[in-house]
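> Using this note's numbering, the letters of the sequence shown map in sequence onto residues 191 to 601.
What the hints contain is simulated information worked out from the structure, not anything from laboratory work.
The reader is advised that the hints may include incorrect statements.
[Claimed, not checked] Distance condition first, Cα-Cα at most 30 Å in a straight line; then the derived BS3-like pairs of lysine-lysine:
1) 337 - 588
2) 337 - 479
3) 512 - 538
4) 286 - 337
5) 416 - 479
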Amino acid sequence: MIDRREFIYRVGLTGMSLPFLNASSIPAPTAKAKSVIYIFLNGGLSQYDSFNVEVDKDVLGKSTILNSNVDGVRVSNYFPTLADHMDKLLVLNAMKTNQGAHPAGIYKMLTGYNPRSSITHPELGSWVNKTLTKEQDSLPNFVSIGKGRAGTAGFFPGQWAALPVQDPEMGIDFAERNQAVEEKQFEKRIDILDSLNADFEDDYGTKDTRSYMDTYASSLKFMSSKDIDAFDLKRESERIVGMYGRDEFSRSCLLAGRLVERGVRFVKVNLGGWDYHNDLYSKFPANAKKLDKGLSSLLMHLSQKGLLDETLVVVSTEFGRKPGVNPNRGRDHHPDGFTCLMAGAGVKAGQIYGATSSDGQEAAEGVLDVTDFNATIAWRLGIDPNFEENTPNGRPFKLANRGKARKELFS
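Could you put together the complete structure from these sequences and hints?
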């Protein structure tokens, strides 16, 4: 457990952003999505054991094929529940990246840039956070749920990084005032702190001290937010809880749904463990079951709430796996022709976009670079993918690098 000071320190380091911290506030008149739920499958999902089954039979290994609720759209046998929800999903089967190692592949997928020793780029969620946060927003606009990369702000100020929630059951510790301290007493302490900070700012103020004071102020505002109960899954109805079940990933998806319902712009949900270089067919089914249940429940929940039309749900991974099963009964890394998914916000659901060669070796039709993927998400939120921000040294970088929004993916 952590005390309140540690709570404020942690959210400061990880970037709990709140609106009065100079967001870019660029208007988004073309936005069709209000929020994004970004499910990241760390490790490299095997496309040939999941959603790209229209390849030569020997490429599928031990996987078999299931028909879905959409004619002509099929999935592997490990996703029986999602098979009944493919009418809500667009399958992107010709994704491509130039990175084949995990750290570099994850970095490229989430930032749109190749790693450099001289700079750290912001993740897409940080761009969204900095660009779309407005003064009236009561919650952070970039939240990362689950174990894994939390969501760096890169060369942006730290307040634009993700607020991490490691365990969806725990929510945010110490975000409420200790009841042993009366409200008036608490407010008096804050007034004293503000006075001391103001004097210090006048005499010794620097960019770093102002950033610290802004972080403290944003933490206090978060503590008093009317929407902070969105992080408390105990407040959810029994019907919805029953629909998701007790698995941690499913509960993470439930929390993501609650957050976008309260207006959070970008929620990342992590599900790792997909790096099966050996014994894939004894290990893959358990993780696939988590994704099958969690994603299906999320799509049903958002649809029932009327939120799917305004929420873009994406599923990505850093790269795919080779079409051949190796001698250790696993699949090795393959960056050319992997699979991602999209749902909601007017996406052309119930379809497959792109294809690999029949032998699974390369993306052959409808190729989608990871920079295009990021550009498309930004565009659907009403953000210009070519929008530039400068590093502290004055170097300009575009949100989506050289990526182009693929508008044909939407109705």
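> For every hint, state whether the structure bears it out.
Against the structure, the hints come out as follows:
1. Note on residue 337 and residue 588: the hinted pairing holds, with a Cα-Cα distance of about 28 Å set against a maximum of 30 Å.
2. Taking the CA atoms of residue 337 and residue 479, the gap is about 18 Å. The hint holds against a cut of 30 Å.
3. Between the alpha carbons of residue 512 and residue 538 the distance comes to roughly 28 Å, so the proposed pair stays at or under 30 Å and holds.
4. At roughly 25 Å between alpha-carbon atoms, residue 286 and residue 337 fall within 30 Å of each other, so this suggested pair holds.
5. The hinted pair formed by residue 416 and residue 479 fails the criterion: a straight-line CA distance of about 35 Å is larger than 30 Å.
Checked against the numbered hints listed earlier, the structure breaks hint 5 alone; every other hint is satisfied.
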